[in-house]
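A.B. asks: In case you want the letters, here they are:
4 protein chains.
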Amino acid sequence: MEIEIATVGGYEEVGRQMTAVRAGDDVVIFDMGLNLSQVLIHDDVETENMHSLDLIDMGAIPDDRVMSELDGEVKAIVPTHGHLDHIGAIPKLAHRYDAPIIGTPFTIELVRDQIADEGKFDVQNELVVMDAGETMDIGPECELEFVNVTHSIIDAINPVLHTPEGAIIYGLDKRMDHTPVIGDPIDMDRFREIGREGVLCYIEDCTNANKKGRNPSEAVAREKLRDVMYSMEDYDGGIVATTFASHVARVKSLIEFSRDIGRKPVLLGRSLEGYSSSAARVDAPIPTDIEMHGYRRSINSALSRIMEEGKENYFPIVTGHQGEHRALLTRIGRGETPFELDDGDKVLFSAGVIPEPTNEGNRYRSETLLKMQGARIYDEIHVSGHLCQEGHYQMLEALQPEQIIPAHQNLKGLSGYIETAGSFGYELGRDIHTTRNGNIISIVDE
Amino acid sequence: MEIEIATVGGYEEVGRQMTAVRAGDDVVIFDMGLNLSQVLIHDDVETENMHSLDLIDMGAIPDDRVMSELDGEVKAIVPTHGHLDHIGAIPKLAHRYDAPIIGTPFTIELVRDQIADEGKFDVQNELVVMDAGETMDIGPECELEFVNVTHSIIDAINPVLHTPEGAIIYGLDKRMDHTPVIGDPIDMDRFREIGREGVLCYIEDCTNANKKGRNPSEAVAREKLRDVMYSMEDYDGGIVATTFASHVARVKSLIEFSRDIGRKPVLLGRSLEGYSSSAARVDAPIPTDIEMHGYRRSINSALSRIMEEGKENYFPIVTGHQGEHRALLTRIGRGETPFELDDGDKVLFSAGVIPEPTNEGNRYRSETLLKMQGARIYDEIHVSGHLCQEGHYQMLEALQPEQIIPAHQNLKGLSGYIETAGSFGYELGRDIHTTRNGNIISIVDE
Amino acid sequence: MEIEIATVGGYEEVGRQMTAVRAGDDVVIFDMGLNLSQVLIHDDVETENMHSLDLIDMGAIPDDRVMSELDGEVKAIVPTHGHLDHIGAIPKLAHRYDAPIIGTPFTIELVRDQIADEGKFDVQNELVVMDAGETMDIGPECELEFVNVTHSIIDAINPVLHTPEGAIIYGLDKRMDHTPVIGDPIDMDRFREIGREGVLCYIEDCTNANKKGRNPSEAVAREKLRDVMYSMEDYDGGIVATTFASHVARVKSLIEFSRDIGRKPVLLGRSLEGYSSSAARVDAPIPTDIEMHGYRRSINSALSRIMEEGKENYFPIVTGHQGEHRALLTRIGRGETPFELDDGDKVLFSAGVIPEPTNEGNRYRSETLLKMQGARIYDEIHVSGHLCQEGHYQMLEALQPEQIIPAHQNLKGLSGYIETAGSFGYELGRDIHTTRNGNIISIVDE
Amino acid sequence: MEIEIATVGGYEEVGRQMTAVRAGDDVVIFDMGLNLSQVLIHDDVETENMHSLDLIDMGAIPDDRVMSELDGEVKAIVPTHGHLDHIGAIPKLAHRYDAPIIGTPFTIELVRDQIADEGKFDVQNELVVMDAGETMDIGPECELEFVNVTHSIIDAINPVLHTPEGAIIYGLDKRMDHTPVIGDPIDMDRFREIGREGVLCYIEDCTNANKKGRNPSEAVAREKLRDVMYSMEDYDGGIVATTFASHVARVKSLIEFSRDIGRKPVLLGRSLEGYSSSAARVDAPIPTDIEMHGYRRSINSALSRIMEEGKENYFPIVTGHQGEHRALLTRIGRGETPFELDDGDKVLFSAGVIPEPTNEGNRYRSETLLKMQGARIYDEIHVSGHLCQEGHYQMLEALQPEQIIPAHQNLKGLSGYIETAGSFGYELGRDIHTTRNGNIISIVDE
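Protein chains in written order, with the working numbering: chain P, 517 to 962; chain H, 517 to 962; chain V, 517 to 962; chain S, 517 to 962.
Please keep in mind that the hints were generated in silico from the structure rather than gathered at the bench. It should be emphasised that the depicted structure is a prediction, and the values quoted were computed from it without experimental measurement. Some hints here could point you the wrong way.
You can't tell identical chains apart in this list, so a pair holds if it fits in one copy or across any two.
[To be verified] Calculated pairs, EDC-like style, for lysine to aspartate or glutamate (alpha carbon to alpha carbon, straight line, at most 16 Å): (1) K887 x D573; (2) K928 x E828; (3) K887 x E935; (4) K727 x D895.
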């Protein structure tokens with residue numbers, strides 16, 4: 517059976533992931549993501565009403581014109597998890613394919629939200645829920661399996677396409693977490709089993725390929741957060757926290773620890789309200805008896821009430837972890853909201869800065885404004901969601917794939933992966949394929 | 517009552533701490549430390565047989581000649597904890613003072629070891645054990661109190677000299693840890709109480725004064741370590757770990773987790789054997805049924821046995837966390853010991869690199885040698901032992917001292933402290949005193 | 517004679533410089549600057565129509581209320597050179613003092629421009645031109661002298677107030693340049709002479725106090741620029757350059773080398789047009805037969821013509837060296853102007869990035885946009901305008917002042933200066949005074 | 517004609533360069549270098565008496581066993597210039613090939629020195645001098661040409677093997693210098709001409725592939741040095757300088773400027789004496805009337821004399837630019853020589869630190885020791901010898917090769933080159949070949 521892999525997007529960058537695997541006549545697409553930084557570098561761009569081709573020209577969504585070169589029929593679109601760089605282009609591209617979108621419950625819920633917000637295209641693809649551990653037939657000879665993985669969002673999986681020639685594993689995005697705060701640990705037993713059965717090709721998440729050691733578990737982030745928040749137990753002023761809105765496990769920890777220290781948590785900001793509601797709808801094991809507000813008027817009214825009733829009784833969890841210009845935390849820093857900071861009030865960034873100068877500039881500006889109001893800053897209370905070098909090493913030990921395609925980085929960013937794989941004898945150009953957006957790699961040619 | 521503070525050593529650097537407080541006719545000395553880097557920059561220096569004056573000239577021990585300008589009698593020498601930069605000069609300087617050395621049990625035990633190794637001077641000062649929470653009279657009007665603190669060594673205290681003019685708190689070295697792995701949390705209640713009674717002067721540990729946020733608890737380091745070690749549970753080759761020999765809580769965690777993953781811990785290296793034995797002698801709550809070897813012959817014989825019996829059954833904890841040239845781990849990297857590394861064997865550095873180019877060079881060299889043998893490196897499994905900016909902020913909130921003396925850093929290193937203290941209205945030159953080695957600061961002049 | 521120094525602004529930061537010296541009954545003010553970053557951190561602030569007190573609250577201009585505590589009469593306002601952080605607050609503050617503004621020709625010309633743009637206050641102070649090397653009486657016993665120095669703007673001087681108690685030297689801003697491209701070398705002979713006569717107090721520019729070695733001469737920047745530009749001699753596409761608009765010597769080099777490689781220089785952008793015209797008006801030795809445009813319509817029309825006639829014949833020198841959002845170069849990067857970049861076109865940043873995350877973010881964004889258009893980036897073709905450590909060392913050797921006040925930095929930034937001065941035996945708190953905005957230091961108290 | 521390229525050494529690292537090109541039956545070897553850092557990481561290694569295989573095992577010299585897979589006869593060994601990473605393995609490997617060693621005059625002179633120092637092997641290969649611009653037949657159909665390039669050593673060339681299939685250019689090591697201090701500018705005219713004739717394959721020096729912009733000319737380094745040294749004209753104490761011993765142009769500048777400021781230059785240290793004598797023997801345009809000493813006794817005697825006659829009259833140029841432990845400058849820092857430093861004496865490092873932690877540690881230690889003696893440090897008075905990104909861009913524009921092989925870096929280090937080449941449409945795996953030591957790349961297979 518002929519097998520080809522089209523590396524459509526996300527192969528020279530972090531963002532706008534899209535990969536298609538053709539096994540004989542059947543094609544499966546993994547991810548359709550958005551590169552947000554390509555949008556933000558321009559001014560005043562509203563993607564909702566933009567046409568796909570303009571977004572492709574901007575480098576914001578994958579250029580899927582290469583798909584016409586794949587001689588097969590698309591049977592499924594499989595987003596691996598609900599981050600925008602993996603699902604954000606679905607509203608712009610999915611309608612071109614007559615195929616269902618298959619994902620885990622939370623992922624499908626977020627895809628549904630994306631489609632609902634779309635203003636330009638009418639996306640009618642069927643949405644199919646499939647859980648980790650389950651399988652589904654793809655054409656007469658192939659099978660799609662979801663292996664449970666752990667990432668900075670719940671319900672992440674690695675899809676495996678079992679073909680007569682061996683398994684093709686699409687390994688984006690994950691860390692190797694044996695003690696996630698929500699959900700099951702990464703299913704290394706199943707990966708090892710698939711490894712013994714034979715892996716034809718492994719596509720790896722190389723975000724942190726140049727970072728040494730092991731990426732810590734969410735349990736470590738939770739312990740860091742606990743340590744920081746308990747240290748504030750005696751403080752009788754304002755405490756505000758921010759984190760990734762989609763990071764449901766982290767939000768859960770923030771909520772729980774805020775109650776432990778005698779404060780009432782409130783979620784404020786459109787994206788926090790959105791992701792948390794979606795998580796509740798799919799029955800994620802999170803606190804649901806929680807006040808949340810997504811729109812500015814109701815946020816302001818909540819903040820006014822908090823100020824009246826005494827901010828020492830509350831724990832607002834707000835948007836703005838990257839110092840985004842219009843996010844709530846930045847607006848608090850500029851003094852544009854009813855929430856007033858006093859000298860000594862605490863602001864927790866339970867998020868890393870995405871390492872890119874524009875972000876760093878925004879975050880610096882946000883922190884400076886907050887400090888000008890008297891705030892004390894606690895940052896980097898976080899762990900990354902991506903494998904570091906020893907996670908890569910352990911995945912290769914478990915899977916022993918015949919071919920490897922590093923993804924989710926540019927060449928400099930993935931160079932450490934080549935070195936790690938080199939420890940097992942893999943060689944660039946022979947069994948490791950660095951590739952570009954828009955390429956097709958032939959894995960089995962007959 | 518006249519009160520003066522002589523900032524003898526450690527005020528333009530990290531290392532060779534020594535401070536003397538004169539309250540009326542009575543003088544108490546806090547710490548007598550060694551600056552090891554001033555020794556190591558030279559070749560082949562053996563401090564054991566060197567004279568004090570030569571070590572003073574090298575900048576290795578405090579230049580205590582300023583003590584003659586203090587018009588009072590030394591009543592006590594008080595080391596705060598057992599690190600070399602706080603006790604390492606006792607064998608060279610203590611005999612000049614007719615006063616007892618007063619410390620917590622573990623600190624006194626380590627002082628005893630230091631004195632025993634001294635080859636040049638005959639140190640006869642009485643060694644007096646006093647526990648955290650206890651007090652002792654110093655002259656007719658003053659009282660010495662030990663307040664329990666938390667640091668990267670057990671049995672650390674902050675000594676407080678209660679004078680008729682208010683308390684003088686010598687705040688070196690500590691972090692604010694509410695969940696240390698061994699011992700009690702930092703006694704913030706007592707600090708707050710002393711703060712209410714009135715603090716005349718506070719001398720602060722500014723090692724991390726330019727670091728934002730909160731320094732995490734040892735519980736976070738323990739969780740990081742657990743996460744790393746449990747991830748290796750299935751590995752059936754060699755695993756070696758290194759950490760600070762004096763960091764008894766960390767050694768305890770290493771021992772416990774090694775057993776959890778089915779390996780037998782063995783402590784190897786002179787300093788690991790030394791500190792661990794001393795900890796056992798003072799009944800620290802640590803595993804004592806543990807094999808340990810301090811001398812090269814017995815280390816080699818243990819390593820041979822480990823290789824014979826199967827290194828997959830053992831967990832050697834060894835010296836060499838800074839890549840020291842002659843330490844065991846570096847020698848393993850050079851292939852000079854019976855312990856052989858195979859491809860994929862794990863090496864854990866449960867220690868940060870002390871940020872100084874010579875150290876960084878040594879550590880890089882050690883890691884490179886280990887990697888040339890096939891080892892996989894896990895590093896930075898660690899938290900610092902020193903307060904960061906938010907810890908400083910909380911200490912100032914608790915103590916509200918009249919005067920502040922930043923210590924344990926050079927001016928650049930402590931600049932962040934001035935800024936933090938500035939949030940409370942303190943001003944450099946008015947109530948914050950940056951000082952130099954050999955200065956005397958008059959706190960109350962009548 | 518009583519002598520006091522009020523360190524009004526620029527003593528905890530870089531920006532909004534203002535210092536007043538009282539000698540007996542006479543007061544001289546040195547500099548009245550603007551801290552632009554405090555303006556830019558807010559949105560949509562137009563300083564032209566703002567009141568002084570609001571700008572003081574923002575931290576944008578010096579809080580000169582301390583001046584009322586100086587028991588003397590202001591006799592002169594002396595800006596040292598024409599950079600905004602030294603003259604930018606004159607339109608907001610100078611009218612409060614009944615005193616002339618005394619400066620070198622180019623500085624006065626720029627002060628005149630500032631005053632002309634002011635929309636809120638009516639500044640009527642007399643503008644007096646005085647050249648380097650000249651002197652003027654200040655009251656019955658003091659004399660003001662201008663010593664020629666070298667900086668990244670022409671016509672910079674260090675004012676010296678000669679008092680019966682010794683000289684007070686206001687040393688901001690300079691580098692030690694023996695081969696400036698325009699004007700005379702720094703007048704070290706005169707500084708040495710004043711040193712021999714006796715310097716009571718020296719206020720030093722500590723911008724680069726933590727940088728090792730010697731800051732290079734403008735001749736080095738010129739040679740770097742020559743090397744870069746001559747290497748493009750054979751290129752037949754577009755070349756665009758940007759630099760500090762006020763850096764007249766650099767603009768001169770850009771113009772000359774552009775002609776050497778057969779291109780016609782054009783200055784584009786409001787600030788480039790402004791500074792260059794002002795320089796021409798004071799007869800600076802620069803090319804004056806040069807096309808320049810300051811307003812958008814005429815810039816666009818010039819760019820259209822350049823595109824028509826062939827951009828390979830032109831060398832546009834444009835604004836935007838820090839990646840400012842609305843500057844011409846950034847707009848070229850966004851494709852908003854008639855000037856089109858082709859693959860391989862060259863963009864020269866003859867300017868360093870001011871090291872602050874917001875700037876770095878802006879510059880990164882600008883470069884990214886330019887690269888997306890195909891441009892090749894040449895950056896850091898520049899040298900700093902401020903003394904590094906060996907310059908400070910040589911100044912202290914020449915002047916041997918009794919007292920030193922480090923300025924133009926925060927404490928961390930000036931810490932290296934304390935160390936450098938320490939080599940001569942100066943000590944913080946004794947003869948080196950670190951100070952805050954709004955302090956008064958008594959130099960001679962009777 | 518079949519053409520293969522064996523990338524023998526230096527393709528995953530910087531160091532131990534060796535590349536062989538087979539064109540039909542004829543093979544030419546370019547470079548045989550030593551990776552010194554692989555030697556220095558071990559203790560007490562004396563390479564002079566070591567066997568090739570041991571050095572290969574250490575990773576110190578190229579593993580040339582792959583040569584047996586090349587089906588042709590070695591006709592020439594062609595070192596491109598005299599740096600150790602290009603000629604240092606000749607004494608260990610050249611005798612295995614029955615072929616002359618062909619190089620420029622200075623390169624051959626240094627090869628002769630290397631062979632003379634060899635203690636283990638008897639190297640009898642003929643040494644043939646060929647100048648830049650000259651050609652030589654290699655077999656019946658190929659021709660070897662030397663194109664003049666510019667690097668941090670004189671007499672550097674890029675060898676070109678003209679084959680019936682097109683030119684193969686071995687592009688190591690160079691910068692694009694139009695104003696070198698000694699010798700002719702890089703011969704871009706000839707490169708452009710060869711580009712028009714057709715370049716089959718280009719092997720590029722990627723040392724600085726991740727550095728933006730243009731690497732400056734030696735004229736810039738000379739101007740920096742002039743600026744620093746002239747600024748010391750009035751200093752009447754000791755001034756000491758160090759630089760790369762092989763950097764003849766820099767040594768020439770040091771000598772000339774030292775005379776300009778009224779001091780007598782003296783070259784001290786074995787390698788400085790060696791390279792300078794060799795340069796004199798090939799009539800390089802350098803000052804030859806200069807005192808130099810290579811052996812410790814005569815160095816010490818010269819230093820004693822300098823101290824007696826007044827160090828203010830001398831300008832010792834010494835070894836030790838990387839802080840090497842036993843080099844003269846480091847020994848001066850430790851006070852082991854008759855040369856005594858006084859407070860304020862100047863030490864010039866006219867050399868960059870090779871960016872590797874061990875080097876950085878050594879250099880830091882050396883500077884610290886020198887500063888403890890009172891020395892003032894001037895460092896980084898230097899420019900690199902290797903092309904940065906815009907140099908790479910211009911080379912590709914000139915040559916337009918069909919195939920490219922990046923060399924002289926690991927994958928991370930050369931990643932920027934792939935990006936630069938990507939601007940011209942080159943793609944990794946298609947026409948850019950990243951390779952490993954020991955690979956053979958087939959360029960023309962029939």
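A.B. asks: So, for every hint listed, does it hold in this structure?
C.D. replies: Okay, the hints, checked on the actual structure:
no., hint, verdict
1, K887 x D573, "between (40 Å within a copy, 15 Å between copies)"
2, K928 x E828, "neither (47 Å within a copy, 34 Å between copies)"
3, K887 x E935, "between (42 Å within a copy, 12 Å between copies)"
4, K727 x D895, "between (20 Å within a copy, 11 Å between copies)"
In terms of the numbered hints stated before, the structure departs from hint 2 and from no other.
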